[in-house]
Structure formats: C-alpha cells, structure tokens
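Kindly generate the complete structure, drawing on both the sequences and the hints.
Start counting the sequence shown at 2; every next residue gets the next number (our numbering).
Note that these hints are calculated values from the structure, not bench results.
There's no promise every hint is true.
Unchecked claim - Straight-line C-alpha distance at most 20 Å; calculated EDC-like pairs for lysine to aspartate or glutamate:
(1) K108 to E121
(2) K110 to E41
(3) K110 to D55
(4) K110 to E125
Predicted model only: the values in this text are computed from it and were never measured.
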Amino acid sequence: MEETNPDYFSFVVGLLIFIVLLAIPLLSYIFLRRNFKRLEDDEFNKKYGSLYQDINHNNYSAIYYPSIFMMRRFMIALVIVFLKDCPGFQVSILVYMNLGIAVYMIKAKPFPESGLKKYEIFNEITINVLTYCVMMLT
2 MEETNPDYFS FVVGLLIFIV LLAIPLLSYI FLRRNFKRLE DDEFNKKYGS LYQDINHNNY
62 SAIYYPSIFM MRRFMIALVI VFLKDCPGFQ VSILVYMNLG IAVYMIKAKP FPESGLKKYE
122 IFNEITINVL TYCVMMLT
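Structure, rendered in structure tokens:
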C-alpha cells in the first residue's frame, strides 16, 4: 500500500480552500450582476436577500459592495501571509486598498441609510488612520 505524502495532501487542501475563497466573491458578483433587475422581487429577496441586505438596490455599482468586501478581506489575508517579510510593502498595499475602498464608497454610495453610511465611512477613516500609524512604526 502506497503512503501519501502529508505535504502533498496539505498543498491540495490549501489549493482547494484558496480556489473556493477566491470563487465566492467572484460568483456573488456574477450572481448579483445577472439578477440586478430581480433584486426588488419579493420571492427573490426571500431566497437571496441576505447577500445584498442593507445595500442600495437602485444603484448598479452599489450592489457589488458584498463582493468587494469579501475580496478585500481575502486580499488582506494574502498580503499578510505571502508578504510577511516585507512589512513596508504590506502597509503600502493596505493603504492603497483602503483608499480604493473609500473612493468606491464615496462614488457608489452603497448604503441607502444615512446612519449606516456614516458608520461605514467612519470605519474606513479609522482603518486608514491606524494603517498610517502602522506605517510610521515600520
């Protein structure tokens, strides 16, 4: 009986997890894009409403916020894992990602409710300030 190499098994499992984590935001993006006109439908909302909950349904670019949010988390994890020896480069990438998200949120206005919009903008500003503090320490 042939023994399996634990390193090979770990690689395959890791690769499958990587593919799934990359596919989820992309598939949600494609799904929301194809079903944009059905977002207001009650039956559709009962089935898939949690995917775009609290998001502005009338703005075409705003419905991509969940996909962008998931992809951003995935990118942060990749930067932390694969660029662990380059902290300055890590912080630089995080600053540009935060800036991109802030520009997206200002342009797309993904949240219809004023309180939630202010809360998310406050979160982005806080993340940026903390990232700049980390930049000064590296």
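We went through each hint and held it up to the structure:
Straight-line distance between C-alpha atoms of K108 and E121 comes to about 14 Å, which keeps the hinted pair within the 20 Å bound. At most 20 Å may separate the alpha-carbon atoms for a hinted pair to count; K110 and E41 meet this at roughly 18 Å. Note on K110 and D55: the hinted pairing holds, with a Cα-Cα distance of about 12 Å set against a maximum of 20 Å. With a C-alpha separation of about 14 Å, the suggested pairing of K110 with E125 holds against the 20 Å cut-off.
In this structure, every one of the numbered hints holds.
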